[in-house]
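Peer 1: Residues per chain are reported as follows:
Number of protein chains: 6
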Amino acid sequence: MVEKADFNEIEYKANVLIEALPYIQELNGKIVVIKYGGSAMVDDLLKENVMKDVALLKSVGIKPVIVHGGGNEISRWSKYRGLESEFYKGLRVTDTETMEIAEMVLGSVNKGLVSYMESVGVKAVGLSGKDGFTIKVNRKLVDGKDIGFVGDIESVNTDLISILLDNDYVPVICPIGLDENYQMYNINADEAAAGIAVALGAEKLGFLTDTEGFYLDFEDKSSLISRISVEEAEKLVEEGRIEGGMLPKIQNCISAVNGGVKRVHILDGRKSHSLLLEIFTNQGIGTLIYKSEEIL
Amino acid sequence: MVEKADFNEIEYKANVLIEALPYIQELNGKIVVIKYGGSAMVDDLLKENVMKDVALLKSVGIKPVIVHGGGNEISRWSKYRGLESEFYKGLRVTDTETMEIAEMVLGSVNKGLVSYMESVGVKAVGLSGKDGFTIKVNRKLVDGKDIGFVGDIESVNTDLISILLDNDYVPVICPIGLDENYQMYNINADEAAAGIAVALGAEKLGFLTDTEGFYLDFEDKSSLISRISVEEAEKLVEEGRIEGGMLPKIQNCISAVNGGVKRVHILDGRKSHSLLLEIFTNQGIGTLIYKSEEIL
Amino acid sequence: MVEKADFNEIEYKANVLIEALPYIQELNGKIVVIKYGGSAMVDDLLKENVMKDVALLKSVGIKPVIVHGGGNEISRWSKYRGLESEFYKGLRVTDTETMEIAEMVLGSVNKGLVSYMESVGVKAVGLSGKDGFTIKVNRKLVDGKDIGFVGDIESVNTDLISILLDNDYVPVICPIGLDENYQMYNINADEAAAGIAVALGAEKLGFLTDTEGFYLDFEDKSSLISRISVEEAEKLVEEGRIEGGMLPKIQNCISAVNGGVKRVHILDGRKSHSLLLEIFTNQGIGTLIYKSEEIL
Amino acid sequence: MVEKADFNEIEYKANVLIEALPYIQELNGKIVVIKYGGSAMVDDLLKENVMKDVALLKSVGIKPVIVHGGGNEISRWSKYRGLESEFYKGLRVTDTETMEIAEMVLGSVNKGLVSYMESVGVKAVGLSGKDGFTIKVNRKLVDGKDIGFVGDIESVNTDLISILLDNDYVPVICPIGLDENYQMYNINADEAAAGIAVALGAEKLGFLTDTEGFYLDFEDKSSLISRISVEEAEKLVEEGRIEGGMLPKIQNCISAVNGGVKRVHILDGRKSHSLLLEIFTNQGIGTLIYKSEEIL
Amino acid sequence: MVEKADFNEIEYKANVLIEALPYIQELNGKIVVIKYGGSAMVDDLLKENVMKDVALLKSVGIKPVIVHGGGNEISRWSKYRGLESEFYKGLRVTDTETMEIAEMVLGSVNKGLVSYMESVGVKAVGLSGKDGFTIKVNRKLVDGKDIGFVGDIESVNTDLISILLDNDYVPVICPIGLDENYQMYNINADEAAAGIAVALGAEKLGFLTDTEGFYLDFEDKSSLISRISVEEAEKLVEEGRIEGGMLPKIQNCISAVNGGVKRVHILDGRKSHSLLLEIFTNQGIGTLIYKSEEIL
Amino acid sequence: MVEKADFNEIEYKANVLIEALPYIQELNGKIVVIKYGGSAMVDDLLKENVMKDVALLKSVGIKPVIVHGGGNEISRWSKYRGLESEFYKGLRVTDTETMEIAEMVLGSVNKGLVSYMESVGVKAVGLSGKDGFTIKVNRKLVDGKDIGFVGDIESVNTDLISILLDNDYVPVICPIGLDENYQMYNINADEAAAGIAVALGAEKLGFLTDTEGFYLDFEDKSSLISRISVEEAEKLVEEGRIEGGMLPKIQNCISAVNGGVKRVHILDGRKSHSLLLEIFTNQGIGTLIYKSEEIL
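Chains as they are written, first to last, in this note's numbering: chain A, 1 to 296; chain B, 1 to 296; chain C, 1 to 296; chain D, 1 to 296; chain E, 1 to 296; chain F, 1 to 296.
Possibly wrong hints are sitting among the right ones.
No copy labels: a pair is met if it fits in one copy or bridges any two.
[Unchecked claim] Below 20 Å or equal to it, Euclidean Cα-Cα: the simulated PhoX-like pairs (lysine-lysine) are:
1. Lys291 <-> Lys262
2. Lys30 <-> Lys123
3. Lys136 <-> Lys123
4. Lys235 <-> Lys249
5. Lys262 <-> Lys235
6. Lys249 <-> Lys291
7. Lys221 <-> Lys249
8. Lys249 <-> Lys262
9. Lys89 <-> Lys249
10. Lys249 <-> Lys30
11. Lys262 <-> Lys30
12. Lys89 <-> Lys47
Treat the hints as calculated values from the structure; they're not laboratory data.
Starting from the given sequences, assemble the full structure and let the hints guide the process.
Peer 2: As C-alpha cells, then:
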C-alpha cells in the first residue's frame, strides 16, 4: 500500500467513494452483462478480483449477468477421452462426443463460478441455454461447411434470467443452446454474451479479454483506441482494417450496440479490477464502443 | 393395444380419467419430489415415460421436483481419467479429482434431463446444491473413517427452488452441496431427495428404483409389502430385519416421513408409468410408507 | 368393465392419461363455456357425469363456465299457476307472470346445479344476468312482432364472472338479463352461452344437445358432419340447407366463432362423458365448428 | 318539504352532512349486515328507500351485506301448488315440495333485490347459502320434533362474501343452507343474518322490523327501550320477561353481540330511511343491543 | 337551528343525505383540488368549517388536495425584518430576503393547516414544490420586467402527491417551486392550484375566494354568473370584458378547464361550508366554469 | 491530491471500493438515521459533503433518514421579532411566539435541506412531526418547572416515514410534535433523532457534532473513546463522570441503543465525509456506542 499521512489517506478514500456516486446513481437497477474468459478465468487472484467486482456491482443495485466460456479445459478432457481437437477457421469442430465433453466442462466451470460468487456473499445460479429453453439456436454453417454441433443464436428467451434477477440472483450462463428438436449445440461465448445483452436490453456489456483493448494496429501499442462509435467501427470492418483475432470480437461489439446495448467495453482481464475501475471511476479503461447519438 | 368394441373403449377411457379426479383435486398445488435413478434413467423408453409422467403431474397443477444421481457414469469417466473407483461400505471414496468428475457427470445428466423435459413441453431448470447455496453440508464420517468429499446434509435453503416452482419451472437437482467454506461435496441422491422433500414440506416423495418395492424377505417375492406405517418400519429397522441394500433406502423413507412428508413411495422404475399409476389410479403400486395418524 | 389381464389394464390406464397430456397443456388457464341442457339436464346419471366432467376440467386448470336453460319446468309451473304456455316461432311468449315463473324456475335449476357441483368438490356460484348487471338486453322483436319479455343480448359485462374465475369458482349462469330500465327479460340459453363465450374470449364453447351432432340431412344418419369451418357453415345457412331445429343452434355457433371463440362443439349430451372425451382424447365426438385459419 | 328561508336551508343542509362525518369516519371499511324483511320488503316506497339507504352506506365506504326472507310469497306459491302451509311453534314444516317452493320464492326475491340495487347504482350479487357452500347447516329439531328441511347454522364460510365485498359488490343473501350431504334446508332469516354477521366480524347488524323497537311491555308504547346491554337482555330472557314474538329476535340479537358484533339494532322498517338515520345522525332510532364494555 | 316538529326534522335529514348520494357516487375515487385562501384562511370559524368540509370529502372516498397561499403574513414578517413590500402589477417583487420570508411564512401556514386537518381526523402531509422536486419553474417576466424570484410553472411531477393520495393522506401544498438550478421561487397560489389540478387530472378545482363568484359587472350584484362554458369565458377575456382583479383568476380557471379539469368552481369562502354545499347538494353555489361538451 | 504513479492510483482506487463491499452488503435495505446539526449545517462545503454522503448511502441501497435542528437561526429571528431568548438548563423557554418562530425557522432549514438533496440527485421530502401526526409529545417539565412548548416524545408513528422510504424518498424531519390536543411543541433534535431511530428499528444512528467524539475528560484530547458498550456508558453516567454538554447526548445514545438501534455513532461533523468514512471504511471515526451482545 502507498505510504502517506493518515489524514490524506482518509480524505482520499472519501474522494474515491464520492467519485463513484454519479456512476452508481446512473446504473442503479440496470443490467450489465460481463463476458468472462481468458486469463481472468485461469489466474486465481484475478478470478477472486473479478468475483469481488461483480459482488460490488450487485451490492450497489446493478444487475450483473455473467456469460463464460470453457477455456482450454475442453481440449484437456477431449484428450483424456482420446479425441483429437479439430478446428476450422478458429471454431472447434464438434461431434457428439466433443459436445458431450463441452457440456461437462462448461457445466463444471459454471458451477465453480457459482460457488465462488456465493463465497463473496452473492447469490448466484448457474444456467445453460437449455434451462428454461433460454437459448434457441440454428446449426452454424461456416462458408457452407458443416462443423457439427456449433450453433448460431436464433433467439434468447429472457423469462428465466429476469426472474432470477428480480429475485436478487446473479445468473451465470454457459454458452450452450438447443435447436427446435432439442438437440444441444455449443455457441461461441462472445456471441452468446452479445445475444443475451441485446435480449435483456442491457445497459452495458463488458468483455474481459487478454488484451488492453482494441488496437488499430496490434503491433503498435500506441494505436490503442479508447473510444470509438459503432459507425466508425463498422467502417473499419468494411475497409478490412481489422485483423483476424480481433475481428469476431469487434463484430460482436457492433451487433450488441446495434441491438440496443448502450455501451460495450473491451477490458483487460489481466489487470485486477479493470471492470470495477471502468464502471465506477473517471479512469478510461480499455476500449468503449458506443452508439454515437447516445453519448453527448 | 387390447381389442374391444369402440363404444366400450370410449366409456373405459372416460372412466380412467374420472378415476383420476379425486387424486388430482387432492394434490393440486402440492409438491411431489421424485428421486430419479436406476434403470429408469438408463433405458430410453423408460426415461421418456418418466418425463411424460412428470409433465402430466405438472399439467394438472402438481409441483414436481426431481432429484437424480449420476449412475454408472462417474465410474466410466473416472476410468477415462485413469482413476480407480474405490468404495467403503457402499459409498464412493471421493478425492479432489473424483469430485471434479462427479460434478461434471452429474451436471451433464442434469442438463440432459432438463432438455428432455423441455421437449415434452415442460419448463425446467437444472440446479446443483451450489446454486443459491441451496444445500449446505458437513463432511460425512463413516464409522469414524474419512472417505473424502462425501457430505451429510446440514440444511436445505428452499428459496431458489420455491421461486422456480412459483414461476412454473420444474427444478431438476443433482446432489452436490457446499460446506461453510464453499468446498463442494457429493451427497447420496436418496438422502438429498429426502432432505429436499422435508425442507419443501412435500406432500409425497417417490423413489424410482430397480425393485418392485420393499420385501420383508427379498428372496420371497410374496413378501412384498404394499403399505407400512413409519412406526412399523422403525421397528423392523431396530429389530435388524432389513437387509443391506434396502436398509439405507428405508432409513431415508423413515426420515422423510418423520420430517413431515405425508407419503413416501418406493416405486418400480423398470415398469413404464409406475409414477403416474401410483398417483392417479386406485392401483396400489410398490410400497407406501406413511405416518399412521395421517391415513384413515 | 372389459375383461383383460391386469398388466394390460394398467398399461392401458397409463396410456389414456398420457393421451390427455397435450390437451391439458393446451387448455391450461383457458376458459371453456358449456351450454348445459336437454337430456343431460334431466337424467340423473347423465347429470352426475356432466358434473364430474366439469370437475375434471376444473381440476386440471381449465376455467369452466356453465350456462343453462330451464327445460320443461317453466311449462310445468305455468300450469300450476294456471297460465297457458304460448309460443311464436319456437319462442315462448312471455308476459309478466310468465317472466316471474321463468325466473323462479331458472333460479331453482341454477342453485340445484351449484349444490351438485359443490358435492363433487368444486366451488360454484349461481348467477343470473342481473347479478353485477352482467347481461344487458334489448327487447327482441320476431319478424316485427313483440313477444313480451324476451331479450336480445346487447352486451355482457364480464367483471363479475372474471372475479369468480380468478378466485377458483365455477360460474353457473341462467339466461336472464336486464334492459336499461332494469326490467328483466328471458334470453334463449344457446344465445346466452354464445354471447358469454365471446365476451370472455373463451377458447371453446360446447353445446350439450339431444343429437349426435350436426347432420347435413337429419334423416340420413350417415350425413353427420364431424368438422366444418365457419365459412362453410355460413354458406350452408345462406343456401337454406339447414333445417328448422338446427338452424338457430348453427347460427349461435357461427356467431361464437366469428366473435373469437376458437372452437365450438355440438356434443351428444345423451352419452355419458361426451364433454370429457371431446376435450381429453383423440376421439372426435360430435361436430366441431372452427375458424379455418385457426386449425392447421 | 318544510318551508324556510333559503339561507337557513343551506346552512341546515351543511349541518346535516357535517353531523354525519364522525359516523362515516368510524364505519369506513366496516361491514354492516342488514336483515331485510317485513313491511319494508313489501311497500314499494319503503323498498326504494331501503335500497337508497344501502347505496348511501356503500358510497361512503361502508360494506353492506343484505340478508332477506321470503315473506308471504312462500305461502302464496304453496297454495298454487296445492300444498297446505303447516307451522309448528312458528316454524314452517318443510317437506321436499315446500323446500322446492321456498327456494324458488327466495331466489325470486333475491334477484329482485339485486336488480333494484343495480338500479340505484350499486353493484350487487344474489347468493344463497349453497353458493360457494357458504352456509352449512344441521337439521333443526324443535323440542325433539322433526319439522323437515329446516336447518340450524353449523358454520358460515365467508370466502365468497369477502371476495365480493373486496370487489365492491353488495352480497344479497337468502337463507338456504346445505348439510354435509348437500341436502338443502330453509333457515330462519334472522338467524341467518346473525350467523353471517358473526362470521364476518360485522361492526353492526340491523334488523328492519314491523315494530318501533323492543318494548318491555308490548302493550305499553312508553316501554320502548332505546338501548340495552347484552347482559341486561340476557337477564330479561332468563327471567321470562320477553314475550313470544319478540323472544327469538332478542335471542338472535344476543347471540350476535356475544359472537362479536359490536352493535345490533332493531329498527322500524315501516319508517322511511330508519337505517340511514340510525347510522348517520345523532337521532337514536329503535333499540340498540350492545356489549357493555364496548360502549363508553 | 330551525324550529320544527321532530318527525319532519328526521325526514328532512334523511332527504339531505339521500340528495348527496349521486354526487358521492360520481366523485368516488376522484381528485378534487381546493385553492384555499382569503377570509376562509383567516377567520377561525370559517377555517374550522373548511377543514371539516375537506374531512367529509375525504371520508366519502374523494381525494382532496389543498393548495394555499400565505395571505398577509408575508407582509407582516417582511416588516419585522425591516423590508419594504413592493408590488408590480399585483405581484410581489421578491428578492432573496423576501423569498426567505415567504418560504418561512408559507411553511408555517402549511404545517398549521396540516395539524388542523389531523385534529378533525384526517391524515395530512404538508409539502412545498421542493419536496420530491414536485414543481419545476421558470423565472417569470412581467411585461419583460424581472420581478425577482417569482416563478411560472414549467411542470408538475405528481409522483409524490399520488403516493400520498394512494396512502390516504391529504396533501397540503404551498406554492414554492425550484428552477433547474434548484433555486427556489414563489408562485401565485391560484396558478399553482390550476397547474397541480391539471397535472393530477383532477375532476374538480374549487377556488375559495372573498367574492360570491364571477360577476359580469362587479358593481351589479345581479350580474353574478352561475355557470359559464370555457369557450364563453375565453370570449369575454378576448373582448376585454373582465376587469382587473378577476382577470387572472378567470384565466387560471380557463387554463385548468383546457388542461382537462372537468369543472372549476369559484366559491364564496366567506360563507360556511360553501365547498360542501357545492359538491353534495343541488344548490348551485358560486360560478362554475366547464368544458361545454362535458356537461349535458 | 497525493502524488503517485498512475498505476498505483488506479490500484488504490479499486482497493477503496472493494474495502466498502462488506459494509454495503451488510447495510443494504437497512435504515440509518442521521442527526444533522452544528458546523456541518452552517459551513457550505461541509453541508455539500454531508448531502453527497447521504446521496451515496442512498445510492447503494441504504435508507437514510435525516433529523435536524434549527441552530442559531431561532435566536436570530426572535431578535427580529423583538423577543428575548431565554434558556433554562440549556433548554429554550418557548412561549407561543417563540414556538411560531421556531416552526418557521425549522421549516425553512428543512425545505432548504430538501432542495439541497434534490440537487445531488436524491428525492427528498421535508416533514415535521405534525405531518401524518408522526410525533406525539407530552409537555416536558424540567425539574418540575414548566418551560413552555417544549415536548417529550410520547410516541412516533412511522407509517408516513415508511411509505416515503419504500418509495425511495429520503425523509428530512424537523423536531416538532403535537400533543393530544394538536398543540405543537418544540423537541430537542437529538432526542427526536433517537426516538425516530428507535421507532424505525434503525440499524445505525449517527450524530454529526462539533466534537471529535466522546472524551472521558474533555480537556484531555487523548481521552477520546473510540468504542464503548452501552453498559459501560450507563455506568459512567451513574457515576457522574460525564460532564454537562456531553451528558444529554450520551443519554440519547444510551436510550437509542437500549431501544434496539444496533450502533450509535458520535461523529465529527467538522471534518468532511466523516459519515461516509465511518460507514464504508475500516477507519474508526468518532465514538461508537453499542449493545455488547451485538458486537462480536
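Peer 1: At most 20 Å between alpha carbons: which applies to Lys30 and Lys123, within, between, both or neither?
Peer 2: Both: 18 Å inside a copy, 19 Å across copies.
Peer 1: Go through the copies and call it for Lys89 and Lys249: within, between, both or neither, with a Cα cutoff of 20 Å.
Peer 2: Intra 14 Å, inter 52 Å, cutoff 20 Å: intra-copy only.
Peer 1: Is the C-alpha distance from Lys136 to Lys123 at most 20 Å within one copy, between copies, in both cases, or in neither?
Peer 2: Close across copies (14 Å), not inside one copy (26 Å); limit 20 Å.
Peer 1: Have a look at Lys291 and Lys262 and pick one of within, between, both or neither, based on CA distance no larger than 20 Å.
Peer 2: This pair counts as within: shortest intra-copy Cα distance 7 Å, inter-copy 45 Å.
Peer 1: Checking an output row: Lys89 and Lys47, CA cutoff 20 Å. Within, between, both or neither?
Peer 2: Neither. Shortest intra-copy (29 Å) and inter-copy (38 Å) distances fail the 20 Å Cα cut-off.
Peer 1: Cα distance capped at 20 Å. Does Lys249 pair with Lys262 within a copy, between copies, both, or neither?
Peer 2: within (17 Å within a copy, 48 Å between copies)
Peer 1: Reference check for the pair Lys262 and Lys235, CA-CA at most 20 Å: within, between, both, or neither?
Peer 2: So Lys262 and Lys235 pass the 20 Å test inside one copy only (19 Å; across, 51 Å).
Peer 1: Which holds for Lys262 with Lys30 at a C-alpha limit of 20 Å: within a copy, between copies, both or neither?
Peer 2: within (11 Å within a copy, 32 Å between copies)
Peer 1: Classify it for me, Lys249 with Lys291: is the Cα-Cα distance of at most 20 Å met within a copy, between copies, both or neither?
Peer 2: Within one copy only: 17 Å inside, 49 Å across.
Peer 1: Reference check for the pair Lys221 and Lys249, CA-CA at most 20 Å: within, between, both, or neither?
Peer 2: For Lys221 and Lys249, only the intra-copy Cα distance (18 Å) is at most 20 Å; the inter-copy one is 61 Å.
Peer 1: Between copies, within a copy, both or neither: which fits Lys249 and Lys30 at Cα up to 20 Å?
Peer 2: Answer is neither: 23 Å inside a copy and 42 Å across each miss the 20 Å cutoff.
Peer 1: I want to check one pair: Lys235 and Lys249. Are their C-alpha atoms no more than 20 Å apart within a copy, between two copies, both, or neither?
Peer 2: Answer is within: at 15 Å inside a copy they meet the 20 Å cutoff, but 61 Å across does not.
Hint check: violations occur at hints 10, 12; the rest are consistent with the structure.
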